[in-house]
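If you read the protein sequences in the order shown, they are chains D and R. Number 378 marks the last residue of the first sequence (the UniProt record's numbering); no jumps. Number 378 marks the last residue of the second sequence (the UniProt record's numbering); no jumps.
Certain hints may be false.
Stated by the list, open to error - Among the chain R residues that face chain D by a calculated CB cut under 7 Å, a handful are: (1) Gln40; (2) Thr42; (3) Gly45; (4) Arg69; (5) Pro70; (6) Leu74; (7) Glu77; (8) Ala78; (9) Met84; (10) Phe299; (11) Asn313; (12) Tyr318; (13) Glu327; (14) Met328.
The set of hints was computed from the structure by calculation and includes no laboratory data. Quick reminder that beta carbons are idealized off the backbone N, C-alpha and C, glycines included.
Number of protein chains: 2
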Amino acid sequence: MSAIRYELIKTCAQTGARLGRVHTPHGVIETPTFMPVGTQATVKGISPEELKELNAHIILSNTYHLFLRPGHELVREAGGLHKMMNWDRSILTDSGGFQVFSLSENRKITEEGVHFRSHLNGDKLFLSPEVAMDVQNSLGSDIMMAFDECPPYPATYEYVKQSTERTSRWAERCLKAHRRPHDQGLFGIVQGGMHADLRKMSALDLTSLDFPGYAMGGLSVGEPKHLMYEMLEETVPLLPSNKPRYLMGVGSPDCLVEGSMRGIDMFDCVLPTRIARNGTAMTSQGRLVVKNAKYVSDFSPLDPECSCYACRNYSRAYIRHLIRADEMFGLRLTTIHNLHFLVHLMEQVREAIRQDRLQDFRDEFFEKYGMASNESGF
Amino acid sequence: MSAIRYELIKTCAQTGARLGRVHTPHGVIETPTFMPVGTQATVKGISPEELKELNAHIILSNTYHLFLRPGHELVREAGGLHKMMNWDRSILTDSGGFQVFSLSENRKITEEGVHFRSHLNGDKLFLSPEVAMDVQNSLGSDIMMAFDECPPYPATYEYVKQSTERTSRWAERCLKAHRRPHDQGLFGIVQGGMHADLRKMSALDLTSLDFPGYAMGGLSVGEPKHLMYEMLEETVPLLPSNKPRYLMGVGSPDCLVEGSMRGIDMFDCVLPTRIARNGTAMTSQGRLVVKNAKYVSDFSPLDPECSCYACRNYSRAYIRHLIRADEMFGLRLTTIHNLHFLVHLMEQVREAIRQDRLQDFRDEFFEKYGMASNESGF
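Assemble the whole structure, with the sequences as input and the hints as a guide.
Listed below in structure tokens is the structure:
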């Protein structure tokens, strides 16, 4: 029996989006869902209790960062990531593949793995399918990701083809190296760049290996949105309907809705927490830059339609003051708000699927958020 | 009827320390008490709910900072400081006197008040007894402080004498300018530098004006501790026993105990929050610099005897990781811990007074904290 089980509840008659549940060793996640990112074993600025209050059921943490600092052996000694960070709900860890290509220095890819230098201190390090499994087994996440290469965008067809084939070989090595399949589920990552035939090849390679879940990687890397949606449309139908599907690194409100409409169950992104730290709030009326002078004496909440802790108790004027005065509490409030916004958006998406009206919800939401309906996919 | 009322419950037979209650428009404060500092309308990094959980009943906020940013008119428009910052317990605001002398630039003192330039943007500003009252009336704090000059240390006898006499004249002007005596209590500040006779003169001047409470200002400004204790011993007995007594800017654990033994009821200091942000925890065994390498795999709490949120849920190893990784949550945990430590210390002081054994408690506490008993006052 796999550590991860997907339960399909229903499909939206209007869009084909899936309402479901992902069962993990640390609880049940209603899907489609958004996962807040806690890169360094903490979601920047906020507590596990606050994550629970805003109704997050799963968070993501980064293998690359924890491998570098504090080190996976220390996390294992601490009793695993859940215990160390005081989070008893589900955790997904990525494989380190994405960061090793975006953050590290002097990297060299071989069939065996990737040699690179730490972006923190220049140390020579090595990640491979086997190391990535060892690290994630030490972290003890509920969902682990196979070690992959995320090819750059744009890249030549030939490069992406070779990279994608290697990612499939690495996926097989990950399955073999995984030491805790009984209590940690390993997802395969579909790559293939922006080439539909390579995406299909990757999906077929990976599904033949029978992972308990599949991710779409290498998207939202700079390509136009319509291309990302096209890749989803080409690939998602090839994935088994009894397994969860995770679109990696995607978290803008429009993409969460559009991705759900294309059969995606799980999303993660640093966007809500990153823009929060820059004083930008996601609201039902679109983005709001609370630092702007026009909010100086605006005593309404960030989003009058929101029921989060920040909106129940604090005004735009106060949050603006805190951020201008470099006070941590301001960033905490905007972070709580943005995460609540996306978690709540997914609750609305699930309700719309339940009512077979996700297309209608999408149109209403886009109009209110200030995205013209015909901008879909662009 | 004054907005502030002091109720003396009992006096410690062993030391003369006072167990009491300060009644304010926003609740009752058991004394002796420690007040966390929320300079810019927030206690750095933590929420009002967290302050309540660690049992804080009164916080301090700074008139000088709020006068500069966001401005007291904005706070008044927001419905006052309590409402703006979502804190429904008591607030004490200082007068701006201390900061105008320690932070501002190009200050010029006249009988009328102080001309200075903002340390934020160089704006020309003016504070006087009347302005300080207007600002604090706008903030709506439960306890306001009279506008004073805090003379430098060391300073000539003649300078301190003239300054202290002016502070008394300013105190009288504060009483006259105060517009909300029914719901805000105004405390006088005893100055006089390190000169016992000037301290006495100041105390007599101020008590003749009949404030609802008195503060000792201009201490802990660089003088040796024995001198501070000497000034307290010379002055506190001159203050009426039916009014609260507040020692400004003092918050090291030893001084809280020693000050209580000399009849002080209220204390405030940025020390616990400031050193927390530097990764230093106050513990029952003394200071602990959690960033140090020796805690890398120490999975015990900051203080095994502590029951705060940080100590119940997180290890030294995890907090060390967070602080090294520049994660806000680490500073939040050390801040919660340090504030809890001092608030809890005052709970222990009150219990010791109740049992007429504060001297014994002091000796036990000092020994455990690593301060030799004969260091008292030095």
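Consistency of the hints with the structure:
1. Gln40: 5 Å, holds
2. Thr42: 5 Å, holds
3. Gly45: Status holds, d = 4 Å.
4. Arg69: Cβ of arginine 69 of chain R sits 6 Å from chain D, so the hint holds.
5. Pro70: 4 Å, holds
6. Leu74: 6 Å, holds
7. Glu77: 6 Å, holds
8. Ala78: Holds, about 6 Å.
9. Met84: 5 Å, holds
10. Phe299: Given a least distance of 6 Å, the restraint on phenylalanine 299 of chain R holds.
11. Asn313: 4 Å, holds
12. Tyr318: It holds, given that the least Cβ distance between tyrosine 318 of chain R and chain D is near 5 Å, below 7 Å.
13. Glu327: Holds: closest Cβ of chain D sits about 5 Å from glutamate 327 of chain R, inside 7 Å.
14. Met328: 4 Å, holds
The structure is consistent with each of the numbered hints, conforming to all of them.
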